[in-house]
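Participant: Sequence:
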Amino acid sequence: MESRTSSEIQKFVSSQIEGTMKDWLGRIGRQREIKDRLGVIEYMGFEQYLRQENWDGEFDREEVQSWLEDY
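When the letters of the sequence shown are read in order and numbered with numbering that gives the first Met the number 0, they come out as residues 0 to 70.
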């Protein structure tokens, strides 16, 4: 399996979200909302999430231990 950089993953995820939003909002006739909604979506990698957000109750420490070893 090919390893991807964080930037490549971010571009892929953003592209998928944009396509899904355009498809969904386009089907219900709300094309004007697409740009506004996409403007508030921010990509956050899992490592960044663990460092910056309160994830107590969402994950057990054991589940994320390998992500936390570097911090």
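No lab work stands behind these hints, which were simulated from the structure alone.
Idealized CB from N, CA, C, for every residue including glycine.
Any given hint could turn out to be false.
[Stated by the list, open to error] The list that follows gives simulated cross-link-like pairs (lysine to aspartate or glutamate, DMTMM-like), each with its CA atoms no further than 20 angstroms apart:
no.	residue 1	residue 2
1	Lys10	Glu46
2	Lys21	Glu46
3	Lys10	Asp55
4	Lys21	Glu41
5	Lys34	Glu17
6	Lys10	Asp22
7	Lys34	Asp22
8	Lys21	Asp35
9	Lys34	Glu46
[Claimed, not checked] Distance windows between CB atoms, simulated:
no.	residue 1	residue 2	range
10	Gln9	Val63	18 to 24 angstroms
11	Leu49	Arg26	20 to 26 angstroms
12	Met43	Lys21	19 to 25 angstroms
Participant: With reference to the structure, classify each hint as holding or not holding.
Facilitator: A quick look at each hint next to the structure:
no.: 1; hint: Lys10 - Glu46; result: holds, 17 angstroms
no.: 2; hint: Lys21 - Glu46; result: violated, 28 angstroms
no.: 3; hint: Lys10 - Asp55; result: violated, 28 angstroms
no.: 4; hint: Lys21 - Glu41; result: holds, 17 angstroms
no.: 5; hint: Lys34 - Glu17; result: holds, 9 angstroms
no.: 6; hint: Lys10 - Asp22; result: holds, 18 angstroms
no.: 7; hint: Lys34 - Asp22; result: holds, 13 angstroms
no.: 8; hint: Lys21 - Asp35; result: holds, 12 angstroms
no.: 9; hint: Lys34 - Glu46; result: violated, 28 angstroms
no.: 10; hint: Gln9 - Val63: 18 to 24 angstroms; result: holds, 20 angstroms
no.: 11; hint: Leu49 - Arg26: 20 to 26 angstroms; result: violated, 35 angstroms
no.: 12; hint: Met43 - Lys21: 19 to 25 angstroms; result: holds, 22 angstroms
Hints 2, 3, 9, 11, counting from the list given before, are not met by this structure.
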